[in-house]
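K.L.:
Spelled out, the chains give:
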Amino acid sequence: MGRYVLRRLLQMVPVFLGTTFLIYALVWAVPGDPFEGKCGERDCPASYVAAMREKFNLDDPLIVQYGKYLLGLVQGDFGLTSSGVEVSTRIAAAFPVTVRLALVALLVEAVIGITAGVVSGLRNRGFLDSLVLVSTLFLISIPVFVTGYVVQLVFGLQLGWISPTVTTPTFGNLIVPGFVLASLSMAYVARLSRASISENRRADYVRTALAKGQPNHRVVGVHLLRNSLIPVVTFLGTDLGAFLGGAIVTEGIFNVPGVGGLVFRSILTKDGAMVTGVVTVLVLVYLLMTLLVDLLYAVLDPRIRYD
Amino acid sequence: MLLEVEDLHVEFRTRDGVARVLNGVSYHVSAGETLAVLGESGSGKSVTAQAIMGILDTPPAFVTRGSVRFHGEELLSASADRRRAVRASGVAMIFQDALSALNPVFTVGFQIEEQLRVRRGMSRADARARAVELLDLVRIPLARQRVRDYPHQFSGGMRQRAMIAMSLALDPEVLIADEPTTALDVTVQAQIMDLLAEIQRERQMGLILITHDLGVVAEVADRIVVMYAGRIVEHADAVSLFRSPGHPYTSALMRSLPRLDSKGTALETIRGLPPSLLRIPPGCPFHPRCSRAEDICASHVPSAVRLGFGRTSACHFAEEVVGGPRG
Numbered sequence: 001m002g003r004y005v006l007r008r009l010l011q012m013v014p015v016f017l018g019t020t021f022l023i024y025a026l027v028w029a030v031p032g033d034p035f036e037g038k039c040g041e042r043d044c045p046a047s048y049v050a051a052m053r054e055k056f057n058l059d060d061p062l063i064v065q066y067g068k069y070l071l072g073l074v075q076g077d078f079g080l081t082s083s084g085v086e087v088s089t090r091i092a093a094a095f096p097v098t099v100r101l102a103l104v105a106l107l108v109e110a111v112i113g114i115t116a117g118v119v120s121g122l123r124n125r126g127f128l129d130s131l132v133l134v135s136t137l138f139l140i141s142i143p144v145f146v147t148g149y150v151v152q153l154v155f156g157l158q159l160g161w162i163s164p165t166v167t168t169p170t171f172g173n174l175i176v177p178g179f180v181l182a183s184l185s186m187a188y189v190a191r192l193s194r195a196s197i198s199e200n201r202r203a204d205y206v207r208t209a210l211a212k213g214q215p216n217h218r219v220v221g222v223h224l225l226r227n228s229l230i231p232v233v234t235f236l237g238t239d240l241g242a243f244l245g246g247a248i249v250t251e252g253i254f255n256v257p258g259v260g261g262l263v264f265r266s267i268l269t270k271d272g273a274m275v276t277g278v279v280t281v282l283v284l285v286y287l288l289m290t291l292l293v294d295l296l297y298a299v300l301d302p303r304i305r306y307d
Numbered sequence: 001m002l003l004e005v006e007d008l009h010v011e012f013r014t015r016d017g018v019a020r021v022l023n024g025v026s027y028h029v030s031a032g033e034t035l036a037v038l039g040e041s042g043s044g045k046s047v048t049a050q051a052i053m054g055i056l057d058t059p060p061a062f063v064t065r066g067s068v069r070f071h072g073e074e075l076l077s078a079s080a081d082r083r084r085a086v087r088a089s090g091v092a093m094i095f096q097d098a099l100s101a102l103n104p105v106f107t108v109g110f111q112i113e114e115q116l117r118v119r120r121g122m123s124r125a126d127a128r129a130r131a132v133e134l135l136d137l138v139r140i141p142l143a144r145q146r147v148r149d150y151p152h153q154f155s156g157g158m159r160q161r162a163m164i165a166m167s168l169a170l171d172p173e174v175l176i177a178d179e180p181t182t183a184l185d186v187t188v189q190a191q192i193m194d195l196l197a198e199i200q201r202e203r204q205m206g207l208i209l210i211t212h213d214l215g216v217v218a219e220v221a222d223r224i225v226v227m228y229a230g231r232i233v234e235h236a237d238a239v240s241l242f243r244s245p246g247h248p249y250t251s252a253l254m255r256s257l258p259r260l261d262s263k264g265t266a267l268e269t270i271r272g273l274p275p276s277l278l279r280i281p282p283g284c285p286f287h288p289r290c291s292r293a294e295d296i297c298a299s300h301v302p303s304a305v306r307l308g309f310g311r312t313s314a315c316h317f318a319e320e321v322v323g324g325p326r327g
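Quick mapping for you: the protein sequence lines, in order, are chains D and H. Counted the way the numbering used here counts, the first sequence spans residues 1 to 307. Counted the way the numbering used here counts, the second sequence spans residues 1 to 327.
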């Protein structure tokens with residue numbers, strides 16, 4: 001196991017270099033000078049542009065620029081945004097909000113999705129099963145921005161149950177955005193668990209557990225669930241990685257000051273250092289999440305061994 | 001009587017219609033006795049066992065008539081709790097393919113201990129100690145270490161041994177073994193059968209051995225019931241059944257066994273296929289494949305004919321079959 005983790009960590013190095021180089025090249029190599037549009041209506045003074053190009057090493061060849069960027073990165077220096085703020089400060093402000101939102105969404109997705117899936121998977125057809133199938137299909141068919149605006153309009157403006165925008169991103173205030181963010185995955189989790197449960201519930205080992213005289217709650221809750229949740233848990237893991245990447249749409253609708261909005265605004269304002277900084281962090285998060293999922297898989301299914 | 005099944009009817013209600021899987025099955029087993037249930041796939045051997053255990057998949061399976069009695073207590077009408085209490089401690093069952101019958105994500109030890117902890121309220125440590133004893137009993141080497149292994153880390157024979165150990169955890173009085181050796185190598189088969197026979201002798205358990213292997217039956221069975229299309233066609237003690245089968249189906253089965261003295265000649269087979277349980281032929285269900293069928297066989301279901309020594313055969317010509325030249 002230890003060797004496997006080490007190998008996986010080493011494999012991350014080229015992936016990390018490749019992705020960050022790509023994003024760095026894309027952001028800074030786009031046509032148009034990134035500093036020419038920074039001075040409102042008028043053109044920026046040539047001296048300002050020259051100073052900024054100097055500051056961000058834009059006159060070096062791309063590979064040298066990237067090298068210098070990487071060097072800073074290794075020392076924990078993400079560089080400055082075009083307005084002169086530390087990139088790391090901005091990320092440090094936005095990331096905890098995104099983590100909170102992601103955790104809320106994950107919880108919603110896991111609890112509701114798995115419950116619905118198990119309940120409907122245990123009974124073939126019947127009212128509850130149809131209810132789950134239809135409602136998940138409904139959720140899957142609606143884009144998140146529609147769900148988001150409808151929820152905001154109905155619960156925020158018409159019924160007034162919630163504040164339409166998140167003023168302070170506490171866990172409590174993030175419940176509704178969390179639901180919206182999780183809605184699509186929740187539907188997938190419900191369907192995945194349903195399929196997994198109904199496939200496994202006729203398995204021989206379930207019959208054995210019954211024949212052993214185990215009570216029903218153990219046959220389902222221990223024997224059936226443990227096997228059926230293997231694919232679901234791995235799905236949840238990858239999904240958490242995606243949530244941590246920020247939710248541009250959901251954050252935008254509810255005005256949540258998270259990573260998604262930060263990336264979005266940085267791209268709009270051609271703030272190259274900011275974009276590369278955030279993406280670098282997200283690449284790292286994603287790589288670690290996939291490693292975690294693979295390790296989790298081996299924990300859940302003893303037949304899988306990484307030796 | 002330890003365990004009795006009487007006139008058991010089970011049907012599967014499927015989309016294509018009602019399959020009459022069991023049509024009046026009766027048998028019984030006493031303490032220390034081995035009853036072999038012989039038949040082809042689909043003859044209803046396993047369904048009978050599952051109905052006894054109360055683990056039929058309902059729907060589609062429904063018990064429509066009959067009785068299952070354990071120590072004279074009717075089980076079919078018993079409460080779910082009562083039935084669960086009888087499972088494993090009264091009547092235990094082992095299955096054909098131990099790899100799929102054991103849960104892949106729990107250790108062998110856990111799966112044995114679980115019963116002791118949940119049903120007997122044993123502590124974790126006591127249950128572990130007992131699990132090691134049981135694995136020792138079924139001769140799994142290094143039981144103390146192997147108890148922590150997962151089923152996939154065991155060989156096929158060892159898995160079946162572990163399965164047997166698991167079934168013995170609550171000291172059952174009857175053990176149903178549903179084709180316990182079918183998935184195993186021939187050499188391992190013999191070991192497992194010896195083990196089962198030995199354990200049965202020591203504990204004076206009633207053993208119901210479900211199999212399609214005549215060789216296995218000949219070695220260990222006291223009595224044999226032969227099933228065909230959800231019915232018992234012949235019921236006899238092992239010695240007389242092998243000496244002179246009392247039903248054309250039983251004799252056809254025996255003729256299809258490879259024998260040393262018929263080396264080089266083509267093996268006999270039973271022509272045709274077992275009937276679809278959705279459309280069991282009228283009369284004797286075996287008549288379309290029977291070499292001595294006459295008109296009456298297509299119109300009248302034969303009732304069980306007594307042949308002496310407690311033997312019965314559901315054939316219109318039972319006396320002639322049993323008395324006639326062998327085969």
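There could be a bad hint or two in this list.
Label-pair restraints from in silico Cβ distances [stated by the list, open to error]: (1) S135(D) x T182(H): 41 to 47 Å; (2) V18(H) x F127(D): 21 to 27 Å; (3) G126(D) x S41(H): 30 to 36 Å; (4) T182(H) x L296(D): 44 to 50 Å; (5) F127(D) x D295(H): 49 to 55 Å; (6) A78(H) x I142(D): 48 to 54 Å.
To be clear, the hints were calculated from the coordinates, so they are not data collected in a lab. Note that beta-carbon positions come from the ideal geometry of N, C-alpha and C, so glycine has one too.
K.L.:
A separate judgement is required for each hint: does it hold in the structure or not?
P.N.:
Hint-by-hint comparison with the structure:
| no. | hint | verdict |
| --- | --- | --- |
| 1 | S135(D) x T182(H): 41 to 47 Å | holds (45 Å) |
| 2 | V18(H) x F127(D): 21 to 27 Å | holds (25 Å) |
| 3 | G126(D) x S41(H): 30 to 36 Å | holds (31 Å) |
| 4 | T182(H) x L296(D): 44 to 50 Å | violated (36 Å) |
| 5 | F127(D) x D295(H): 49 to 55 Å | holds (53 Å) |
| 6 | A78(H) x I142(D): 48 to 54 Å | holds (50 Å) |
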